[in-house]
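Q: Given chain A, work out where chain B should sit, using these hints.
Keeping their order, the protein sequence lines are chains A and B.
Under my numbering, residue 291 is the last one in the first sequence; the count climbs by one each step, no gaps.
Under my numbering, residue 271 is the last one in the second sequence; the count climbs by one each step, no gaps.
If you are wondering where the hints come from, they were derived from the structure by calculation, not from laboratory data.
Wrong hints could be hidden among the right ones.
[Said to hold, decoys possible] Now the in silico label distances, taken between C-beta atoms and shown as ranges: (1) A/Glu201 to B/Tyr69: 52 to 58 Å; (2) A/Thr75 to B/Ser229: 28 to 34 Å; (3) B/Pro178 to A/Leu54: 50 to 56 Å; (4) B/Val130 to A/Glu201: 49 to 55 Å; (5) B/Gly16 to A/Glu201: 53 to 59 Å; (6) A/Leu274 to B/Phe25: 25 to 31 Å.
[As the list claims (entries may be wrong)] The list that follows gives simulated cross-link-like pairs (lysine-lysine, DSBU-like), each with its CA atoms no further than 35 Å apart: (7) A/Lys8 to B/Lys95; (8) B/Lys40 to A/Lys246; (9) B/Lys12 to A/Lys189.
As the structure is a computational prediction, the values presented were derived from the model and not from experiment.
For each residue, glycine too, the CB sits at the ideal point set by N, CA and C.
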Amino acid sequence: MTGKRRLKEHTRFLLMALPGALFIFVFLLLPILSIIVFSFWRTEVYELYADWNLDNYRVLLTEPTYMIFLWRSFTTAVVVAFTCLVFGWPIAYFIARYGGRYRLLMILALAAPFFTGIILRVSALQGIMGPVGAFNMVLMTFGMQPIEIIMFSRVATGIGLVYLYMPFMVTAIYLSLLNFDFELLEVAKINGARPWRAFIEITWPLNWMGTAIGLILVFVPSMAASVTPIFLGGPNGASFGSVLGKQFGETGTWAFGSAMGVILFAVSSLVIYLVWLSVDLQRSGFTGKEA
Amino acid sequence: MRRARTLDVLSKSGSGALLVLLYVFLYAPIAYIIYTSFSKNIAWPFPPQLSLRGYELLWVGRTYHEALYNSLTLGIGSAVVCTLFATIGSIAVLKYRSRWRRLIVITYLCPLFVANLLIGISSLLFNRQVLNLPGNIGSAIIANAVHGTAFAFLIMLAQMVRYDWRLDDAAMVFGARPLRCFWEITLPNTWPAMLGAFVISFILAFNNLEISFYNLGATQTLPSTAWGSLRHGLGPELPALAALVNGVVFLAFAVMYLLMRYRIVSFGHRE
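Next up, chain A with everything else stripped away, as it sits in the complex:
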């Protein structure tokens, strides 16, 4: 390839890739940078003032309630992400391996519940799991005790979040498996590897990047969940996200809300970074880097 051709290729690449990248830069990264700035400001009667101070962070880090909310949201999100991982893997594997020509339909059927809004679906979950809900009504007509743990508790919030974000996990793993060469498993079998060992040594590491994306796709929204805990979490269910949302609704304390947003962003980014460290691009078949 000559130098001239290469230059042309580079220009073409930039011409095609830059518009979208600029769009994301302007409408995602600049807004995030701006709330970092605003988090050092002050709000008064729904107006932001450039009065630089660290007060918002001082309150956030010293008032134990906020740290308790943060910790609660964090642990819930970790448990939800791992639950989705455990159930999502075999499901995605089944679709990719045995779905045949209906694979796309099977995946779209996982996304279709999103056509119904989150509020309606979560309140329907409440209708099913709540004290007068369908589930406990059935138990009681058979003379059994209602299951109390699934009404207005952190477990209920967790079930709600698994319900909402499981499709993300399955889709991420499925997209990874789509580019996985299942014949590698045949080779392993011929060479005498047991199925379990072939999974540990071939399938899992080669699809770890897709799995890691799935973990992050579930963790990030679960950590920031604001609506689900309000509906399902009961009186002690308030989450960091729901308190954060309040700063932009009822109270209008935008600077403080920005500081909460920055902390949420920082914690999520740290988790993403830790997960990313475990990804070995050379060993994942996902990026198409062999090209």
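A: Relative to the frame of chain A, chain B by itself:
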């Protein structure tokens, strides 16, 4: 050998059963919504008392027509922007080499890693303080499109990694102009991925609450009417509308199934 075979059958049926359970779990609340849409009292739907009041109110109520229209505009607007950026961007990343490639991929994917709530509040403040844009359907489309572009890009990338770009080069060698090449070679091979990206980004924006809520201003969409109506109890129109939307979705799925069943359209699947 026989043991390995039993294990195979066991894992296949086990994971298949899990998939069925997941569908039941995902669609139980939707079945519940459809059920309540036909009942007299939404809050206490047991024992069943049938009524069509929700549908009657929906038929005459202007609010919900407007909300549905706005949701559709938001969904389609965002999906068009997302599919455009994602298609062009993913072709660039897959087809050309560049030392910027890794940076571009990370930029396209980074909205995946920012929670909806954060996108919502940060674009609210940025639009207000820096750009002086009011909250309206346009800013909501932009904010949703940021989120959707990342999903669309991921879907396109994963589906097209294996596409052989030499086909395009071959067409060019035989004298096809870039546009004709795209129309006759690239598009027929990539449209299922583009359709997938479009549908997913439409779904994400259509009923998005957390991004849209902070950027819509006074414009009402389906989720924001739902949020508003919660204060004085969920109205019977909303379950009725959700039931109708799901009816359309199920119909689309049935058509898609038949097209696949009789091999009229394969949606990108190769035997």
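Q: Output the numbers, in ascending order, of every earlier hint that fails for this structure.
A: 5
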